[in-house]
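As given, the protein sequences belong to chains A and B, one line each in that order. Quick note: the first sequence uses the numbering used here, first residue 1, plus one each step. Quick note: the second sequence uses the numbering used here, first residue 362, plus one each step.
Just to be clear, a hint being listed does not mean it is correct.
What the hints assert, rightly or not - Below, a list of computed lysine to aspartate or glutamate pairs in the EDC-like style, where the Cα atoms sit at most 20 Å apart:
hint, chain 1, residue 1, chain 2, residue 2
1, B, 577, A, 57
2, A, 77, B, 444
3, A, 4, A, 69
4, A, 23, A, 57
5, A, 72, B, 568
6, B, 577, A, 56
7, B, 577, A, 71
8, A, 246, A, 277
9, A, 10, A, 60
10, A, 156, A, 62
11, A, 260, A, 277
12, A, 156, B, 568
13, B, 618, B, 444
Stated by the list, open to error - Computed footprint of chain B on chain A; a stretch qualifies when at least three of its residues, placed anywhere within it, have a C-beta under 8 Å from a C-beta of chain B:
hint, region
14, 57–68
15, 82–92
16, 100–108
17, 320–326
Worth flagging that the hints you see were computed from the coordinates, not collected in a lab. Glycine included, each C-beta is placed from N, C-alpha and C at the ideal position.
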Amino acid sequence: MPNKPAIIVKDAVKRYGDFVALKKINLSIQDNEFFTLLGPSGCGKTTLLRMIAGFEDVTEGEIFLFGEEIDKLPPHKRPVNTVFQNYALFPHMNVRENVSFGLEMLGQSKSDAMRCAEEMLELVRLSQFASRKPAQLSGGQQQRVALARALAPQPKVLLLDEPLSALDLKLRKAMQLELKHLQRETGITFIFVTHDQEEALTMSDRIAVMSDGEIQQLGEARDIYERPRNTFVADFIGDTNLLAVKVESISGSMVQCLLKGGQRLKIAVNDKIKIGDSLHVSIRPERLFVSDVDDSRGTLRGTVKDNIFIGTDINSLLILDSGDEFRVRASNSDRGNKRIYAPGKQVFVTVEEGAARLLVD
Amino acid sequence: MAGVASKGGEVRSDTYRDSRTWLLLPAWLTLVVLVLVPVSLMLVYSFLTKEFRGGVVWEFSLAAYDQFFCDRGLFGDEPCSIEWNYITIFWRSIWQAGLATLFCLIVSFPTAYFIATRPQSTRVIWLFLITIPYWVNLLIRTVSMRFMLREEGPVNNVLVWIGIIDDPLQMINTSFAVQIGLFYSYLPFMVLPIYAAVERYNFTLSEAAADLYATKYVTLRRVIIPSIQPGIIAGCILVFVPSLGAFLAPDLLGGAKNFMIGSLIEEQFKGNAGNWPFGAAASMILLSMVMIILTLYARQQSKALGAGS
């Protein structure tokens with residue numbers, strides 16, 4: 001059967017005593033996919049990953065690997081491998097022995113395993129360090145050893161538990177691309193756990209945003225960024241302005257909303273709403289224009305509080321007349337178009353068409 | 362002692378570098394006054410002539426070592442042939458100490474692993490329980506062991522009562538009793554260092570091994586044991602060395618037939634019947650053996666650390 005999903009999680013529940021860590025998770029991960037579990041700490045993403053690896057029991061529900069139920073198997077019988085958060089390299093073995101360990105356990109002869117380990121080390125460009133002990137390597141190198149070790153047995157699915165969190169920013173960016181590249185090259189399904197939304201957006205084919213033991217939204221990176229389903233997702237992914245609004249009138253596909261300070265905003269309908277509903281609207285800061293003249297109907301009035309230079313962009317912090325804080329981002333390259341106003345200046349903010357999004361919860 | 366060394370290349374900043382000399386003074390004094398001086402004295406005594414009521418005559422002599430290694434017949438006038446008596450006692454001591462170490466290891470490893478995997482709050486209680494027997498003096502414990510094992514003692518009574526045996530076993534004055542005594546005397550010295558090592562062990566390594574298809578047994582052999590090896594070796598040294606020189610257990614539980622080095626040495630200094638130079642010589646031989654074993658260990662340890670660079 002072609003395109004059987006690599007992993008199916010069916011009604012998986014995880015309880016520790018009274019505490020429910022995962023509430024009925026349903027998930028289907030395709031073969032050859034770079035799939036990310038994204039969420040703040042304590043959301044259950046690592047628990048879910050560990051359940052797939054076999055380090056945690058499944059309280060209720062099932063997990064299938066290419067159609068085969070694996071949730072009762074001990075970890076050493078599951079054809080998946082893990083890259084651990086702090087690498088968990090065997091300190092008493094050298095790099096080559098670390099990488100060949102899994103192959104030996106699978107019954108390969110020592111010489112075959114060593115040869116294969118050398119190949120894997122070449123893949124992660126660490127051949128010259130093969131005889132070193134892990135303690136003699138830098139964090140980035142250890143990370144690559146951990147990767148080579150997990151890939152060497154050619155797992156059907158590779159699990160990565162926040163593998164980049166211990167690296168500094170530059171190295172992390174480089175490793176993100178390297179991982180993505182490696183995934184394409186090997187064709188192995190990657191399940192990647194992270195709390196870093198930018199990392200998730202950079203690397204993933206699809207993302208499951210989790211919080212409180214539930215999947216809040218599942219979809220492609222762009223989809224999740226542009227069409228967040230609820231306030232949690234909108235707030236967690238990227239930067240956004242969340243304003244409390246009340247639905248005043250609905251005409252066709254447009255809704256007229258009332259903000260706290262009495263200002264009004266017209267927004268396209270994207271959910272079932274009715275007049276009188278109290279909702280939130282999410283507007284990304286990069287999809288706003290600031291001007292000192294009131295030029296259109298979709299404008300909000302406010303005062304500039306501060307401008308913060310962050311390299312590529314300038315972030316302006318406004319206080320709307322409603323009292324809400326409002327962030328506007330202007331790219332550094334089009335300073336000419338998007339003008340920056342001095343603090344204290346009264347300004348008008350225009351929302352780009354289609355940028356405002358109504359969120360029911 | 363070995364665990365500290367295993368982090369090679371790590372820079373340690375020492376806040377007290379400037380005051381090192383005088384802060385270490387008490388330790389140096391202790392070492393010189395309580396170790397170096399007595400051991401030197403022993404070394405000198407072993408080369409002196411014996412005084413018949415104990416003590417020494419200040420006259421150089423190799424008689425003590427000669428007595429240990431050479432059999433010169435009934436009247437002491439024959440050429441030297443190897444004296445097996447004392448070598449046998451030494452060999453028996455090494456065998457008994459080695460066996461005690463092995464049994465301690467077999468019992469201690471699961472115990473230490475169990476304690477180290479309990480929640481933090483209950484570990485203290487377990488460790489406390491391990492040390493409780495050691496609040497009682499070793500002599501008293503060994504004597505009680507004698508009562509336990511004697512012919513009409515509780516162990517025999519229970520065994521007869523259950524019906525495993527018909528007649529009481531002769532347990533006292535056997536090497537088995539000595540073995541039990543040694544094992545029991547030094548068990549915590551094995552449990553504690555292994556516990557310390559297991560407690561520091563990164564349990565994710567076990568997960569990593571399982572993830573890489575290793576069974577529980579292979580994980581134990583290839584990941585856990587190598588990782589906590591310094592603790593195991595420290596424990597083995599702490600049990601083996603004092604067992605080798607023990608005299609209470611062999612004296613009280615072993616009787617004349619199960620003499621060990623410790624008792625041999627003890628006898629040379631007890632009362633008027635002793636032979637101080639001979640006791641000193643036996644001590645020096647014991648000390649050399651222990652030092653050889655420790656040196657071999659240290660060398661193997663530094664080789665293991667040096668490898669891979």
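Results for each hint:
1. 577/B x 57/A: holds, 17 Å
2. 77/A x 444/B: violated, 60 Å
3. 4/A x 69/A: holds, 13 Å
4. 23/A x 57/A: Roughly 14 Å separates the two Cα atoms, so the pair holds.
5. 72/A x 568/B: holds, 16 Å
6. 577/B x 56/A: At roughly 16 Å apart (the allowed maximum being 20 Å), residue 56/A and residue 577/B satisfy the hint.
7. 577/B x 71/A: Satisfied, since the Cα-Cα distance of roughly 18 Å is no more than 20 Å.
8. 246/A x 277/A: holds, 6 Å
9. 10/A x 60/A: holds, 9 Å
10. 156/A x 62/A: Measuring from Cα to Cα gives roughly 18 Å; hence the hint holds.
11. 260/A x 277/A: holds, 14 Å
12. 156/A x 568/B: holds, 18 Å
13. 618/B x 444/B: This hinted pair holds, its Cα atoms lying about 17 Å apart.
14. 57–68: violated (count 0)
15. 82–92: Coverage by chain B holds here, the residue count being 8 at a Cβ distance below 8 Å.
16. 100–108: n = 4 at 8 Å, threshold three: holds.
17. 320–326: n = 0 at 8 Å, threshold three: violated.
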